[in-house]
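Chemist: Based on the provided sequences and hints, a complete structural model is requested.
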Amino acid sequence: MTITLAVTEVSKASFITILIKNQADLSHEMLQPYQKILSQKLEDKDNGITIFYEADRIIAVVALKVNTHIETGIVHEEARVRGGNICKRINYEKSAHAVVVRGSDSVSKGELLAFTEGIALANYQFLKYKSDKKQNALTNVALMDAEISPAEIDELNNIITANQIARDLGNEPVVSLNAVDLGDFIVKMSHEIGFKADILNKSQIEALRMGGLLGVNAGSSVPPTFSILEYKPDNAKNVKPLIFVGKGVTYDTGGYSIKTGPGMPGMKMDMSGAAAVVGTFYAIVKNKLPVYCIGLIPATDNRINSNALVPDDIITMHSGTTVEVLNTDAEGRLILGDALSYAKKFQPELVIDLATLTGAAAAITGALGGALMGTDTKYRPTLMACGNETYERLWEIPYWREYADMLKSDIADLKNIGGAVGGSATAGKFLEHFTDYPWLHLDIAGPAILKDDEPYKLKGASGVGVRLLYAFTKKFAELN
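Read in order, the letters of the sequence shown correspond to residues 1 to 480 in the numbering used here.
These are calculated hints, taken from the structure and not from any lab test. Just so it is clear, the structure is predicted and the values come from calculations on it, not from any experiment. Built from N, CA and C at the ideal position, the CB exists for glycine as well. Accuracy of the hints is not assured; some may be wrong.
To be verified - Label-pair ranges, simulated between beta-carbon atoms: (1) Ser131 x His69: 23 to 33 Å; (2) Lys36 x Ile193: 46 to 56 Å; (3) Asp234 x Lys188: 23 to 33 Å; (4) Trp395 x Asn47: 19 to 29 Å; (5) Ser39 x Thr68: 17 to 27 Å.
Modeler: This is how it looks when you write it as structure tokens:
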């Protein structure tokens, strides 16, 4: 679906949503016939959705809470959630076009945009493999608002599309999206929107001695890829690049440390970090943010054959570090270690990696947010603030230096697991070993894969990270 600025009179729309907050909003001309019932609902603090059926249109009145002393991110999230709820109603009514208006300025411009964003995100469907596709009726949402510019509408549309790209990639099964397919997708997208993409094949990866990526790939019949995305506009505010690194495990069986039956379904989404990097690049390039960005995506599936890694194997990483592999299901850190080591050649301003890395992180945050670790202190507060604003929230977990001691090996430089304590922190410390620059690690194992539908998200891949990293990149441009 697309979001537009309305060019026709609101009275001609078949489904109209009016956002209100207080009694004064009831003076809006379309609400005058319903003032009594709406006034009573506001007095009762009924912050719900009220539907009125007229002869040739439906009017949905959404009462938002008056949140004077609550942070903006929570206010906007409430609006997003209401948008998700109204999207379901629009589709229930089989309306193809909807209009959203504010009752008055009591509803902020930010709430209006967040509400509309919630509608668009909730309207997502992954129907590629359905015989009976049952597509949503809604195809267009128009905003009737003098304060909203065409540029803001374009920006929001591009962010929504970017999130949908990440969700599509995450929901695609490995039978049709392996490491090579992912590289092909990136190249195609680079040609369509205008950035540089270089996809390294297995022989090139071997020349770089990326033992982590090659080791995880050893059990697969599909070769690995290492994708390098680059966007360097002439007006870039930064000389040193902002680098995003995404874990691209297109399917994770666990290798010989094989997952049990219930742990296997959904592992097509173990490349959600990579999907987030691809989606973020789409939004950044389409919206022409003045930031020099690089994306690094190591990609492979983690399967079993006679060549696959087994516990007790030792591999040599791109950096030259030797790693004793004690658990082949701790594979994400192996491929990310190679990518983080490779990132050194760019002398980055900041590196942010995203990965569905550990169940330990998911146990801490659940689907409510991601776990944050790393060495950077300059940009960390801005990233966390962007997480609160987009509601792709981050929480710093204990990351003490002693966690690194848990990774000491008797026969190699490192071992790839640290034991039962602090699983997400020891994974972060493993990655830190391969960095010598400002770096932040986002473990998105909790929010990347949803088990149930939410108001503006659906079961499956959430596309988490795209809206967060786009918001951060925009702030990054302002800080440089």
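Chemist: The hint says 23 to 33 Å between Asp234 and Lys188; measuring C-beta to C-beta, is that right?
Modeler: holds (24 Å)
Chemist: Could you say whether the range 46 to 56 Å given as a hint is met by the Cβ separation of Lys36 and Ile193?
Modeler: For Lys36 and Ile193 the Cβ distance comes to about 52 Å; the hint holds.
Chemist: In this structure, is the beta-carbon distance linking Trp395 and Asn47 contained in 19 to 29 Å?
Modeler: holds (28 Å)
Chemist: Ser39 and Thr68, beta-carbon distance inside 17 to 27 Å?
Modeler: With Cβ atoms ~21 Å apart, the hint holds.
Chemist: For the pair Ser131 and His69, does the Cβ-Cβ distance stay inside 23 to 33 Å?
Modeler: violated (51 Å)
Hint compliance for this structure: hint 1 is the single one not met.
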